[in-house]
Structure formats: structure tokens, C-alpha cells
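Colleague: Residues per chain, in single letters:
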Amino acid sequence: MSLVEVTDLTVEFGSLRAVDGLSFRLAEGAALALVGESGSGKSTVAGALLGLHRGTGARVGGSVHVAGTDVQQASDGELRRLRGAKAAMVFQDPLSSLDPYYAIGDQIAEVYRVHTRASRRAARARAVEVLERVGIPDARRRSRSRPHEFSGGMRQRALIAMALACEPDLLIADEPTTALDVTVQAQILDLLHTLREETGMGLLLVTHDVGVAAESVDEVLVMRHGKAVEHGPVGTVLGAPAQAYTRELLGAVPRVDAPRAAVAEASDEVVLEATGLRREFGRGRTAFTAVDDISLTVRRGETLGIVGESGSGKTTLGRMLVGLLPPTAGGIRYDGRPHTGVNPAVQMVFQDPVSSLNPRRSVGESIADPLRARGEHDERIRGRVLELLERVGLEAAHYDRYPHEFSGGQRQRVGIARALAADPRVIVCDEPVSALDVTTQAQVVALLGELQRELGLALVFIAHDLAVVRQVSDRIAVMRRGQVVESGPVDEVYDTPREPYTKQLLAAVPALDPELAAQRRAARRELAVA
Amino acid sequence: MSGFGGFLLRRAVGTAVTLLAISVLVYVVFYATPGNVAQITCGPRCSPEQVHQVAQQLKLGDPLYLRYWHFLEGIFVGQDYSTGTSVAHCPAPCLGLSYQSDQQVMDIILTKLPVSLSLVLGAMVLWLVIGVGTGVLSAWRRGRFSERVLTAVTLAGWATPVFVLGLVLMIVVCGELQLLPFPQYVNFADDPEQWAWNLLLPWLSLALIEAAAFARLTRAAMLETLAEDHIRTFRAYGVGERAIVGRHALRGALAPVIALNANNVGSAVGGAVLTETLFGLPGIGQELVHAVKVVDLPVVVGMVLVVGFFVVIANAVADVLYAVADRRVVLA
Numbered sequence: 001m002s003l004v005e006v007t008d009l010t011v012e013f014g015s016l017r018a019v020d021g022l023s024f025r026l027a028e029g030a031a032l033a034l035v036g037e038s039g040s041g042k043s044t045v046a047g048a049l050l051g052l053h054r055g056t057g058a059r060v061g062g063s064v065h066v067a068g069t070d071v072q073q074a075s076d077g078e079l080r081r082l083r084g085a086k087a088a089m090v091f092q093d094p095l096s097s098l099d100p101y102y103a104i105g106d107q108i109a110e111v112y113r114v115h116t117r118a119s120r121r122a123a124r125a126r127a128v129e130v131l132e133r134v135g136i137p138d139a140r141r142r143s144r145s146r147p148h149e150f151s152g153g154m155r156q157r158a159l160i161a162m163a164l165a166c167e168p169d170l171l172i173a174d175e176p177t178t179a180l181d182v183t184v185q186a187q188i189l190d191l192l193h194t195l196r197e198e199t200g201m202g203l204l205l206v207t208h209d210v211g212v213a214a215e216s217v218d219e220v221l222v223m224r225h226g227k228a229v230e231h232g233p234v235g236t237v238l239g240a241p242a243q244a245y246t247r248e249l250l251g252a253v254p255r256v257d258a259p260r261a262a263v264a265e266a267s268d269e270v271v272l273e274a275t276g277l278r279r280e281f282g283r284g285r286t287a288f289t290a291v292d293d294i295s296l297t298v299r300r301g302e303t304l305g306i307v308g309e310s311g312s313g314k315t316t317l318g319r320m321l322v323g324l325l326p327p328t329a330g331g332i333r334y335d336g337r338p339h340t341g342v343n344p345a346v347q348m349v350f351q352d353p354v355s356s357l358n359p360r361r362s363v364g365e366s367i368a369d370p371l372r373a374r375g376e377h378d379e380r381i382r383g384r385v386l387e388l389l390e391r392v393g394l395e396a397a398h399y400d401r402y403p404h405e406f407s408g409g410q411r412q413r414v415g416i417a418r419a420l421a422a423d424p425r426v427i428v429c430d431e432p433v434s435a436l437d438v439t440t441q442a443q444v445v446a447l448l449g450e451l452q453r454e455l456g457l458a459l460v461f462i463a464h465d466l467a468v469v470r471q472v473s474d475r476i477a478v479m480r481r482g483q484v485v486e487s488g489p490v491d492e493v494y495d496t497p498r499e500p501y502t503k504q505l506l507a508a509v510p511a512l513d514p515e516l517a518a519q520r521r522a523a524r525r526e527l528a529v530a
Numbered sequence: 001m002s003g004f005g006g007f008l009l010r011r012a013v014g015t016a017v018t019l020l021a022i023s024v025l026v027y028v029v030f031y032a033t034p035g036n037v038a039q040i041t042c043g044p045r046c047s048p049e050q051v052h053q054v055a056q057q058l059k060l061g062d063p064l065y066l067r068y069w070h071f072l073e074g075i076f077v078g079q080d081y082s083t084g085t086s087v088a089h090c091p092a093p094c095l096g097l098s099y100q101s102d103q104q105v106m107d108i109i110l111t112k113l114p115v116s117l118s119l120v121l122g123a124m125v126l127w128l129v130i131g132v133g134t135g136v137l138s139a140w141r142r143g144r145f146s147e148r149v150l151t152a153v154t155l156a157g158w159a160t161p162v163f164v165l166g167l168v169l170m171i172v173v174c175g176e177l178q179l180l181p182f183p184q185y186v187n188f189a190d191d192p193e194q195w196a197w198n199l200l201l202p203w204l205s206l207a208l209i210e211a212a213a214f215a216r217l218t219r220a221a222m223l224e225t226l227a228e229d230h231i232r233t234f235r236a237y238g239v240g241e242r243a244i245v246g247r248h249a250l251r252g253a254l255a256p257v258i259a260l261n262a263n264n265v266g267s268a269v270g271g272a273v274l275t276e277t278l279f280g281l282p283g284i285g286q287e288l289v290h291a292v293k294v295v296d297l298p299v300v301v302g303m304v305l306v307v308g309f310f311v312v313i314a315n316a317v318a319d320v321l322y323a324v325a326d327r328r329v330v331l332a
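Note that the protein sequences, when read in sequence, are chains A and B.
Quick note, in UniProt numbering, the first sequence goes up one by one and the last residue is 530.
Quick note, in UniProt numbering, the second sequence goes up one by one and the last residue is 332.
Everything labelled a hint here was simulated from the structure, so no lab data went into it.
The model shown is predicted, which means the values in this text are computed figures rather than measured ones.
Heads up, some of the hints might be wrong.
Computed Cβ-Cβ distance ranges for the label pairs, DEER-style [to be verified]:
1) T116/A - L223/B: 29 to 37 Å
2) G6/B - E405/A: 48 to 56 Å
3) Q72/A - T151/B: 29 to 37 Å
4) V153/B - M1/A: 48 to 56 Å
5) L19/B - R120/A: 39 to 47 Å
6) P93/B - T56/A: 53 to 61 Å
7) E405/A - R247/B: 36 to 44 Å
Glycine included, each C-beta is placed from N, C-alpha and C at the ideal position.
All chains should be modelled from the sequences, with the hints used to inform the complete structure.
Modeller: Next comes the structure, spelled out in C-alpha cells:
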């Protein structure tokens, strides 16, 4: 009997068929990844394994057996005995997935008591034990902390501890590392790996990141539109994919180890120069230096990549470069002359294409804003906006549509068109593709490259994804705690990093090749010991 | 813990500043108005000599800020008043003298305050139990028939004026069924049992109306919490619906309930006029209305200050409870 047996599963929300006739098995102790882009139905499958769609109005068809329980036929009581005890789930966002009002240890103890009838004391002791097991230092004391007092990585560890509490046979992890920095992601994936080695539990991993799958599982199931596209051993599916969609998906994944395809020759003309930039927030004891003495130059036609983990000061730096945020100290020179405040020639593309467009205005009007601000005549504005829409791969008919009618990738194209409207010479892109699926991400990156060559734009490309930055940048700067720890030509920094922090970052990037992933894991263990 | 101590200190300072600001505002509004303040203060039946005397006692010749300072001094250290023949001492906290009734304002307030506090605090217990209980039930039974009935009942409660509900209660309970005597205020110190029996109806009628707001607030806040991700976590771990609603969802509703309760308690101390009048309870609200009617300025000023004091203190207590319920508040 397999641990999980799903036969002809369909899940429908109203008229939307999220999962469409999916079947798969998972043997005891095995690990399977469901990989797919957003909307492929992979998280819906994960929920169906625990019967989480019951009572939500979703229609579920087919059969689901998990650890000897027929999820479709089980009574509510039977389902509760399955959930957490035999199959436990780890969710994507560890902050919102824990109750903000209760101590973490109490929450784990509560779950333990539901399934074991242990005494309060025994349950609390078990909570401390599993927290220790997932690597929370000083677990007894920290078990009394509330979720907001934990860092993102520690919260995810706490959720994993909750999953371990009742020693389940199956761990379901729904995008367990998506909200985390790359070094923390590596730690969590390594933890899952070690736990599986020790306890022999099965793993069902749901992820959009092929690299995360390659690191963690034996088998991969690629999903699209609720159906299985390809299913097989991880080495085969990722190494020699049989289906066109799988090849397309893999082709779109940026590789951190592949050098960048050469682009136009670099120019020596410096457009933007920042010297000794510094920015503090708050006062007194709560003062915090987000950017600490950064100097950099951006040359015509080149891309300067800026990488760093969350909180490293990347966004603050970007905002100062476009003049949205006045620096506490230091200055910015544009074309050799000092410049303060916003500058039409330096534009910005924002991370979240949903919230950076006004939902109550048509996209055409949003793109026209910079032109209006410049005092352009109304008759000329419309023509110019239509031109821009076509330039970024949209259609003239899109002028009067509203942001909600577009997909994520299209919205980001609108954002780019708006940045182009003011005829800039520099565009600062702050995480321009991190909210997008890999295939869309590749298209947007390609568009930026085209525009750069055609218009001789200088780009400052800010991102946490080291692979994406390698694909687009000529030079890069690695940021940590408000400072640039290492900078230089992109291939030099990636191939022969000098700083330990850069080495650590690069070692944490998930590899697409399972064998390489295993080597990297071993290398990380050595780094951790050293 | 130092963070929490600092939080308490900041709250205390904020409360003191607010109280001071209220006193300035109230003083200016009532004593810097155009017209003959001495005549108004003394009352319509005062002779010109008496008006003159009052003007001297109020030191109307002094500039406004000095007079306010004098007023503050009365509150903190007390004051002496000469009534022409003798000098009366008004100990701190002294809110002045009612020239119309020849009584110290503080004494008037002190006889009325126990009545109002008895009414409001007792009703508060009832409205919290009834209101939050109904809210929890309707969140738990959401979407079912029983929830619709509860919603209808709470809506009806909200829409019923206190004089209708109170009268009906009184006619049915005291008149028809003769289960209780018609309410008459008895001091708690004199006879606690009679105190409670006599206040039962006023408590009920005030509480039933307030409870409606609490029921709706609790239900809304709980439904909001029930839609959050962490509830999904506990469901996915096999925690039963009763524990999810009773422990996790209710906790999320606590903060807004605390805030609303502070507001209601604070304003009901001086604002439950209808309930007090209906049941013949000699409380602050009734006295305030009376003082306004006969334009007894010192009494009005004193009472407005005391009512303001309760609103501010109730909110300060709520802030602290809020922070105890959710420690993230302390960081903000």
C-alpha cells in the first residue's frame, strides 16, 4: 500500500476546474515534487490530500488515499485524526500561518494534545523537544516567544517543528521557502533533507521553483492547467525532459552558473554617479542605517546588477538613485553635475506590478502620466502612449483597459512603458521580475535587454535572485547590511568570488541538476562546520 | 519587561496631558463666553450685591489664564471661599461652589457618582456576557438558521430605544408578573442584596441595547480572523472547530471589544440619562441635565470634567488591556 494514492482527482471552484483528472502515487518514505507555474493547481492538490476543501464549496471528485485514510469518504473525526498526526502540512508564509496571539511552544503543544491526549506539561516538553530538533537555539526560552519575535527562517522552522510533533508519515510542504532569502531557503531545505533521512517520512513538496525541487525530491510531477504534463524520476524529468512544456519551463529558468550572452560593447561614458550615499531611518535608540556609505557608477548602455538578501538596503538605494528618497549623506551626479530630487532622465520600474498601478485608471492614462507631468500636449500624448504600448509588446487596444484585466507579465510591461515615457537614460528596476512565473520572467528580462540595446539605456537591476542578476548584468554589486561587500564584472564575481558572504550566497542557490545539488549540500555542510 | 514599563509610562503621561487639555477646553468654553459670567453663575434670582460678590470670588477682574490657574489650584490643593459672613474651606479636589444650591460641586458629584457607577459597571458585566456570547455563537453557527435568528434579535435590540425596552420590562416584570419591586435606588453599603435586586432591571435594559453592538462587533471580528491563514493551519492540524472558534478566533476579536467597551463605559457614566430617568436613579446624567436646565455653571463644569475624566481613564485602561492582549502593540 502506498503512502499516498490519488486517482483521477478533480477539484472545481465554481466554473473553474483547478485540478483535472490527476493521478499519482507516493511510496512510503519517498519524496515527490509538484512543480508548476501559478494557477497550475498544485497547491489545490496539496489541500485535497488533507481534505481541506471540505466545507469550502469546492467540488472534489476522484479518490484520495493518504496513510490508509480514504480522504473523500472519511468522517470529519477521521479527517481530524489524519491531519497533523499522519500527514502534516507546512505552509508558505510562516508569519501568517501561526497565531499571532499565542506563544509558539503553546501552539505546538496544542496540536500535540489534540492527537495524543498528553498532559499539558508533557505536550509543552514535546514542543521544546521538536523546536530543538529543527535547530531553534535556546528552545526552552524561545518556545515562549510569539511569532512576531521570530525571524522568517525561524518561523518556518517552528512550523516544521509543529509538523514533526506527532511524527507523521507524510510531510506536505506548500512552497515552504518561497518567502525566504536564498541562504535561509538552503538551510530549510537542508533541514527537510536531514529530517527525512532520520525519520523516514514521505515528502510531498509543492513548488514553482524547479531548483528547489531538484534539491529535495526523488520524483517530479510537472503540472499545467490542473493536469499532469510529465512525471518521472527527478534526474530524468529535469535532465532529459520528454515534453515540450517541461523543456520550455526548464529553458526559462535562469542559471546561476551560465555566463551571460555577450551584448553591446560597454561605453565609458558615466551617466549616473553616487558618492558616499547613506540613509538612516528613525532617531535615537531606534535609529537604523539602511544604506551605509555606498559609491557606484552607472555607464551608458550597461546593466549594473545589485544583489542582496531582504533588509540589505537594496530598495532604499534604488529609491535614492531615482531621487524618491533624499539621502542622509552623500550625493548623486547625473551627467557629471550634482543632482537632487527626481530626475525625468532616471526612471523606476517597481516590484509589484499590481500595487504600483492605480487600479482606478486605465493603463493608457497611467503611462501618460509622466508625459502630462512634462507638459506635453494632449493630442500628442495619446499617439506617444500607443507607440510605447506597442514597443513593450502590448496592443493599442489595451489603452483603455484597467490593470486587473492584465496578467502579471503584462502589467509589468505597462510599468516598463510608463518608465520609458519620459525618455529616460537610466532605469532603476527594483525586483522587476520576482513576482512573475519563470516563463514570464524570461520574457520580461528579454524585453529589458532589447530596449537597452535599442535605446542605449543604462539599467540598475536590483534583485534577490542571483541567477536572474547574472543573466542581465555587466557588473554587479553584492549588498549586505547597507554596504557593498563585493563588486566587479559579473563573471568575475560569480566564478571567483573573493568575499565569504558572496561564496555563501552562491552556495545557497538551488541547482537544477540533482547530483550537483547533492554536492552543493555537502559543500554547505562544510561551510557550516568551518 | 522594560518595554512594557516604558509603554505604561508613555500611556500615563499621555492620559495626564489629555486630562489637562480637557480642563482648559471646558474652562474656556464655559467661563470665557460672552455675557455676565457672575450673573449666570449666581443664578437668575440673585440680587446685584450677590452678583457683585460672586464676581469678586470668581476674581473676574483677573485675566483668564490666572483664573484658570486658580481653578487648577482648587483641584490640586483646595480653596477657601468667603460667603460674606464666614469662610468655607473647599478641600482638594475642589471643583468650586454651586451658588444656586450653596453646595460644593464635589459633594454633589460624590452623592451621584456611586449611583452612576453602580448602574454602568453592573450593566457592563451583563452586556459583555450577553454581547460577546451572542457574537461567538453567531460566528460559530455562521450561515445557518440559528445565526440568522441571532442576527435578527441583536439588530432588533440595537434598534429599540431604551425607554421602550425599559418600560416594557418594567410593566411586565414589576407590574404584571410582580417578580421584582419597581426599582428604587438602595446604597450598596446599606444593603447589597437590595442594591442588586433594585438595579437588575436598569442593568438589563441598558445592557440589552449595548449588547447588540458587541454581538455584531464580535461576530465581524471573529469571521475576519476565521478567514486568516493561521486558522487554516490549525484546521490542517486536526484541531476541532470548537477550539478554533473559542481559542483562536475569539482571541482576535478581543482587541476591538476592549476598545468599544472602554468607550461605552466612559460615556455611559454621564450619558445614561434616559435609563437613569426612567428608573428614577439619581445619577450623574440626571444631575447634569438638571444643572444645564437651571444654568448652574460650576456644577456643569465640574460634571463635564468628571465625565471627561472617566472617558479618558476608561480609554487608558483599555490601551493597557489591549497591550496585555497583544504584545505587538507595545512595540508600535
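Colleague: Could you run down the list of hints and mark each one as holding or not?
Modeller: Here is how each hint holds up against the structure:
1. T116/A - L223/B: 29 to 37 Å: The hint (29 to 37 Å, Cβ to Cβ) holds, given that T116/A and L223/B are roughly 31 Å apart.
2. G6/B - E405/A: 48 to 56 Å: 50 Å, holds
3. Q72/A - T151/B: 29 to 37 Å: Given a distance of about 34 Å, which is inside 29 to 37 Å, the answer is holds.
4. V153/B - M1/A: 48 to 56 Å: The hinted range 48 to 56 Å holds for V153/B and M1/A, with Cβ atoms some 53 Å apart.
5. L19/B - R120/A: 39 to 47 Å: Taking Cβ atoms as reference, L19/B and R120/A lie about 44 Å apart, which means the hint holds.
6. P93/B - T56/A: 53 to 61 Å: Given about 60 Å between the Cβ atoms, the range holds.
7. E405/A - R247/B: 36 to 44 Å: Given a distance of about 42 Å, which is inside 36 to 44 Å, the answer is holds.
In terms of the numbered hints stated before, the structure departs from none.
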